[in-house]
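Residue numbers (the working numbering), protein chains in the order written: chain A, 1 to 537; chain B, 1 to 289.
Check the hints yourself; a few may be wrong.
Residues of chain A placed beyond 10 Å of chain B at every Cβ, according to the derived structure [stated by the list, open to error]: (1) G24; (2) A53; (3) S208; (4) A256; (5) L325; (6) V327; (7) L412; (8) A417; (9) A450; (10) A459.
Listed below are the simulated PhoX-like cross-link pairs for lysine-lysine, each with C-alpha atoms no more than 25 Å apart in a straight line [what the hints assert, rightly or not]: (11) K309(A) to K458(A); (12) K140(B) to K23(A); (13) K133(B) to K23(A); (14) K23(A) to K458(A); (15) K140(B) to K458(A).
Treat the hints as calculated values from the structure; they're not laboratory data. We put the beta carbon where it would ideally sit given N, CA and C, even for glycine.
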Amino acid sequence: MTRGTRPRLVARIELRRRWRTIKGNTTQLLAIAFVAVMLLPFSLAGVLGAYLAGGFVAGSETEPLIDWARMAFVYGWIFVVGFGGYRAYAVALRPDNLDGLLTTVSHRDVIGGLILTELALWSAFFLTIGSAAAVAFAAGAGSVLTIPALLLALCLVLVTGLPAGFLLALGVRNAGVRSRLLSRLRTLFLVFLGVGYFALISTNAFASVLEPIYRVLAPTPIDWFGDLAAVGLGIGASPFRAIGAVGFSIAFVVAAVASLYRLAEWLWYADGVHVTHEVERSADGASRFGGLSRVLSRPVFGVVAVDWKRARRSPISLSFALYPLIVLAGPIVTAVQTGEVGTGLPLWILVCGTWVAGSLFALNVLGQEGAALPVTLLSEAPERSLVVGHVVSGALLIAPVTVAATVVAGLLSPHSAPAVASLGVSALVLSVGSGAIGTGIGVGFPRLEAVSVSRSTKAIVPSVFAFVIYSAAVLVVALPTVVAHSGVASHALASIVGVDRFVIGLVGTVVSAVIACFVGVGSMYVARDRVRGYRLG
Amino acid sequence: MTRNTHAIEARDLTKRFGTETAVDGLDLHVERGTVYGFLGPNGAGKTTAMRMLTSLTRPTDGEAWIDGNPVSDRDAIRASIGYLPEEPPVFDELTGREQLEYFGRLRDLPAAEMTTRIEGWLDRFDLEGDADKRIEDYSKGMRQKVGLIQALLHEPDVVFLDEPTSGLDPRAARTVLDVIAELTDDDHTVFLSTHILSVVEELADVVGVLYEGDLVTEGSPAALTARVEAEEGTTLEDVFLSVTAERGPVASGSVPGPNLGSDPESGSGSDPRHAGDTTDRQDERADDR
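Could you build all of it, start to finish, from the sequences and the hints given here?
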């Protein structure tokens, strides 16, 4: 078997496995089809744009055009490194059955196969679109030489960018398996990274992060890819830099491959830090939670205590709470950037806090019991303690934070003090009621089996369907409060009805509270009945 | 540097994770064409020891050789071993046949020979009817069978099997035991880790018991039971319970404590035929400490 045969075989089987996984997952297949349909017009527009751009740049020897070409390729390279690195970290570098592979072939074959897999996936998309765009651009520019030059430049960006991304991912993974601190804080770190990423996107602040990276890379040979792509266009591309881009790519790939082999070996044969999860036993389990055990009945207190312990030790199971936080990140970043708290921020906090409170524990009352479900169902009257316990655990954790944050943001905003008080009451009622609303929806669409929440972690989380319905319900319940406290709507309503804006806000709060109470109580009854009558399949 | 003495040899093989010692100075000498039964309670260090011997984990101290090749020479080790971990290394998205063909190709087996071997093994394990179904639809036992075929497909000199009969029905388990016995007939060496003592009793030429990282006793099943035949009806289970008991209390009332063998009244002296076949490693380890 030649040296490259095994990586090709590994890549071929990886691609086959991934395709079968996608084919067997209707949701994923539909999502890909949807994205493809959405991307089609953009792709066609891109090809047309390439043709028009080709016509524009043809014969123009003005300096900025070549600078733009160089800049475009540097940013393209950053994109490939960034997303390639992310995919390598999240997907590629933890192959299934690694022990089986490593006792059959060398780590060099495995990492080579994994990179080839990613290269094939990226090429399938980029080189298809890229070829069409290159031909269109060359046609517009009237330069046949541009087609191979542009395609070669694209290929080199992929061939150098993906290994660079893998190197970064391997570096991060190696640090993670060796550092006890990083290992412990990994979940927290990933949450911050995810929230930060979406915050950057939602606030259009991405450029401010990319620009410093561009400034570092611009003086390097990465900048030469633009010259290679623009050869033949007559816009001032340097043929020496174009040739240099090819030479640099070869040298880079050779160096990268050697480093990849070494880093993959370090990672896959690493002992790894071992984080033990010893917990100091208190003499009385109840003492940890202060007087809570005296307020709540013993079974309900038991559910609350277990919910909190499990959440602290396995926060990944609360992954649905990320979505409200991601939504909230945008308004917070805007407020920080502008230095002003508008009337909208307290409302965002109220809605997102409410959203989080119900999604933590109440949205999968049955499934959350996991393997203990049969035992739980055989206990005496489990329905009351389960339903009430999961509502209480989310409310006690999130309601105080939501109320405090809403009131503080409200006081910093142009809202009047009475309106802030009204918002505070809304925050309290809704964040307590959202858990109750979630219980009935959760038992209607339970998820009983663990699913992969990351490449390496499985957890029982609420079903997507339950979360979507719950999210819609929370929005409907919170809508009167939001409308009644938002600047324009409350002002318009106050003018029409002829009352003070505070009264409108108060009415909104009361309406939301009444709906939340009705829906919440009804939902809890449904949940109680379903748990009581639940039979294991 | 290669050595040509034993199929598996380990000298002072040690693995420490931080301050924790998983395997402590393991010495092994496994003859070619034998079955070595590797016993030990959960957490004793068996899997760590197997990972070191299969080159998946670097030893902290000591050295080991497989078929004369040092375990640090991974390329050489891979060629001469087959490994079935506790969880069979199979891909759910592939069919049983595709899985075996994949690993056959990775092992560089000639196509015709590979097909013949795969068909033969599938037939042997009653898998021909399911060979073209995806592994995700297989039962635990069927996955185990595919994993075992995968480990044996290239006819390795040394086979490491971690709980090979786990999840198998009695008929399939019997087939596996027969296969293991046949392997040694063909001069293959089997390193067998299992909790099922009857399997070890039936197959193993030599049994080693690992306890808290130490190889506390080693010998032929007959020799080990003979050493504790203070009372009638002593089994390998009694030996196991005895040598893995904490110092002091004896797990089984019918057998002496961990120091068995050092007592001339009961241990090795009771059956002179096996007196030389067995070593009480716990005493040695205690001296080392």
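Now for the hints, and whether the structure bears them out:
no., hint, verdict
1, G24, "violated (8 Å)"
2, A53, "holds (42 Å)"
3, S208, "holds (42 Å)"
4, A256, "holds (22 Å)"
5, L325, "holds (33 Å)"
6, V327, "holds (35 Å)"
7, L412, "holds (48 Å)"
8, A417, "holds (57 Å)"
9, A450, "holds (15 Å)"
10, A459, "holds (19 Å)"
11, K309(A) to K458(A), "holds (18 Å)"
12, K140(B) to K23(A), "holds (24 Å)"
13, K133(B) to K23(A), "holds (16 Å)"
14, K23(A) to K458(A), "holds (21 Å)"
15, K140(B) to K458(A), "holds (20 Å)"
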